[in-house]
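Chains as they are written, first to last, in my numbering: chain Z, 1 to 247; chain G, 248 to 558; chain C, 559 to 846.
Read the hints as simulated data drawn from the structure, not as lab findings.
Computed from a predicted structure; not experimentally measured.
Here a beta-carbon is modelled for each residue, glycine too, at the ideal position from N, C-alpha and C.
It is possible that some hints are incorrect.
Unchecked claim - Pair ranges (Cβ atoms, derived):
1) N746/C to L536/G: 20 to 28 Å
2) G321/G to F817/C: 25 to 33 Å
3) D396/G to L618/C: 57 to 65 Å
Unchecked claim - Reference listing, derived: stretches of chain Z covered by chain G, where coverage requires no fewer than 3 residues with Cβ under 8 Å from a Cβ of chain G:
4) 84 to 90
5) 101 to 112
Here's the letter readout for the chains.
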Amino acid sequence: MTGPALEVIGLRKAFGGLAVTQDVSLVVQLGERRLIIGPNGAGKTTLFNQISGDLRPNSGQIKLFGADITRLPPYKRAQRGLSRTYQIITLFAGDTLEHNVSLGLLGLRPSRWQTCWPMSHYPDIAAEARRALDAVGLLQLADHPISDIAYGERRRVELAVALAQRPRILLLDEPLAGLSNVERSTVKTLIASIPRETTVVMIEHDMDTALDLADTVTLLNYGRVIVDGARDVVVADERTREVYLGT
Amino acid sequence: MNWIAAALIGGSLLLPPFLAGDFYINLASQILIAAIFALSLNLLVGFGGMTSLGHASYLGVAAYISALVTSRYGFGHGTAAIISISGTVAMAAFFGVIALRATGLGFLMITLALSQVLWGLAYRMSNVTNGDNGITGLTRPAPFGISLDNPVSFYWFALIVATIAFLAITVFVSSAFGSSLKGVRDQPRRMAALGFNPRLIRWITFVYAGFWGGVSGLLYVYYHKYIHPTSLSITSSAEALLGVIAGGAGTLGGPAVGAALVLLLKNYASAYLERWNMLLGLVFLFIVLVMPAGIVPGFSRLTAALRGKSP
Amino acid sequence: MQFWIIQGLNSLSLGGLLFLLSSGFSLIFGLMRLANLTHGAFFMLGTYIAATALRAHDGLNLWVMVIAAGFAVAALGGLFERLVLTRLKTNPLGQVLVTLGMSFIISDACLMLWGGDSIPVPTPQNLQAPTRMFGFVFPTYRLVLVGLAIVAAIALYFLLERTRLGAMIRAGVDDRQMARAVGIPVSNLFTIVFCLGAGIAGAAGVLGGPILSAYPGLDADMLPLALIVVILGGIGSLLGAFVGSFVIGFIYTFGIALFPELAYIILFLPMIFVIAFRPQGLFGRVGA
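Required output: the full structure, derived from the provided sequences and hints.
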């Protein structure tokens with residue numbers, strides 16, 4: 001497998017008269033750590049939503065591992081190894097941490113169509129789920145409902161759900177938002193420890209927080225790519241400073 | 248699930264043929280039929296998060312097909328049942344494809360419109376359905392040669408079918424598929440991102456709900472030995488929906504309790520009141536405004552509180 | 559030829575009535591995200607009020623009843639909205655169920671008050687004579703009805719597009735949260751729109767009286783037609799309600815005339831096509 005992990009080609013999206021994504025193109029190589037930054041309203045999450053399939057672009061192409069996925073529904077993209085987390089936590093509040101991760105694991109297994117046996121019939125799912133929770137340091141809370149745990153811990157569960165599927169490419173939508181400094185460094189350590197088999201694309205609107213996690217950076221503003229390249233190059237570029245100081 | 252309550256209910260279901268007279272045994276049979284209908288609707292409403300106002304379609308169509316196939320074409324009940332259920336399931340599959348293009352209120356409107364169309368057809372196609380006169384003079388089946396014409400034997404038959412229905416639906420919603428269904432109900436976008444196909448999951452559930460709705464329709468036409476377009480009416484769908492919601496949507500047994508209450512209310516109210524529909528409407532308002540989660544959740548919260556309070 | 563002309567005019571007048579009925583439904587759904595299942599009952603109530611009043615008082619005329627019944631039904635709608643619907647803001651399913659319950663209450667009340675027989679509504683005296691045009695004979699009342707529907711459509715268009723109230727309604731339809739955030743009194747708007755929708759439905763009931771008569775089950779006959787119009791034309795779209803109403807008016811009228819047994823299936827088909835290929839309806843902007 002040699003081609004890029006993700007290619008976005010000339011993507012355009014408009015809501016009514018408002019152009020939210022304007023001719024966006026980017027290429028993410030296998031194993032790369034890409035950070036997408038830009039001020040609020042720059043169109044970062046909209047871009048993610050088009051990559052994950054939650055939104056249909058008006059025109060342009062999206063290729064995942066060389067295959068055109070522009071018209072594929074979200075669940076088929078998941079089956080090709082795409083995983084994402086959300087800005088707003090969408091876990092199942094009344095269920096336990098283990099159940100949440102197990103459900104994530106079930107999504108890619110044929111046993112999800114099984115109408116006789118409950119999930120508990122598959123002990124390997126539970127074991128896998130606990131392993132994933134352990135990897136984010138939450139094994140001790142596995143049997144607690146999501147509603148019981150703190151916000152920072154929920155963010156880690158989101159990460160556990162996404163990582164449990166052993167995705168080939170992981171989209172992280174503002175993974176550090178709303179976290180305290182301690183929680184932030186915990187999550188950053190987790191992200192840094194993701195194996196290189198998984199390509200990671202992150203959104204953060206605060207440039208400094210996630211910079212050290214990134215190999216390459218893409219700067220978006222008003223739905224357009226302004227600067228794109230290796231981290232240090234983008235940071236040094238005066239257009240970057242313009243975007244952030246100009247606002 | 249509360250084992251004591253389950254044992255009590257299960258035990259009490261065995262009692263009517265021994266304790267009660269014919270009128271009450273028949274009432275109990277009707278309750279069982281309504282319970283199956285409500286449980287099938289609960290698959291959609293409670294576990295699938297798809298509120299349908301057209302569920303009577305499956306009861307009515309199954310009933311009409313059985314009635315027509317036995318009385319017009321002289322088929323035996325066994326064959327008629329197979330044809331009836333197959334037809335109903337095929338219709339559910341077709342309706343499901345159409346209705347599930349929408350969700351939420353759009354879905355509700357489409358299921359309502361589809362069911363009203365069927366209701367209108369039942370009235371208008373009188374050379375087929377006998378229109379407003381309904382189809383009379385029907386018979387009950389005799390499984391393994393046992394006649395179901397007397398109230399007691401019909402009751403046992405209905406009880407067996409209801410038990411099978413309850414178990415089948417319980418297994419279904421507790422399975423891995425059931426977990427994915429509940430997930431799609433609560434967070435469809437997230438489930439899609441995890442690899443689940445929400446539309447297919449909903450459609451499969453829709454068809455399964457149509458299947459059991461059809462089964463309740465067969466029991467319905469066997470019991471009454473008569474079928475009329477009102478069985479396809481919005482009132483019929485609304486009564487089932489009220490039963491599901493009053494009993495507790497998304498619980499395993501709640502809808503059965505709710506359906507029983509609605510039926511009992513209907514029976515006793517019609518002795519004193521002319522206007523059942525108005526009472527139904529008022530009960531709807533009452534339940535939604537005062538007890539939106541339904542009786543069974545309210546009751547289990549009460550027992551949990553009582554248990555919590557004891558040392 | 560006369561047959562086709564008459565059916566054509568019947569289609570137009572049914573379409574006009576359906577527009578009056580479904581425009582209110584579509585507005586209520588668009589703004590309040592509420593499928594108001596009481597809408598058919600509001601229509602029927604208007605018809606019954608007109609039927610009784612005109613039977614009892616010979617001097618009253620239909621146009622007065624249109625206004626009177628319209629206001630009466632609007633008032634009832636407003637009470638219902640304020641007392642019941644506002645308590646269910648967080649329970650959209652519950653809102654639909656209470657509108658269903660309310661429709662049962664109203665329809666049974668009508669049955670109780672007016673009995674099971676159908677009560678005709680007399681056509682206004684000065685419109686009883688047929689009109690002769692282009693060598694054909696047209697029932698005058700139906701012509702007037704079509705005209706009124708067009709006038710109402712224009713009036714509603716002006717209300718929505720050219721008045722401040724209309725702008726607030728459109729803002730609320732597009733983005734309720736944002737509208738609230740900029741200070742639009744959304745809950746008062748809800749009451750106003752619900753009253754408006756109910757009132758138009760009641761008025762439409764009066765106007766439909768001479769053609770349909772007041773009978774039990776009128777609500778159950780009209781509601782699915784309104785639903786199909788809105789599914790076809792798109793929720794929240796006045797233009798969709800307009801086009802959809804006349805399309806359904808034509809399909810239903812010619813369907814009943816030519817294939818009475820299959821009329822419902824014929825209604826069904828365009829609905830299926832639209833849902834299959836364009837689930838938001840022909841002109842819909844709001845997702846169902």
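Tell me the numbers of any earlier hints that the structure contravenes, in ascending order.
Checked against the structure, no hint fails, so every one of them is satisfied.
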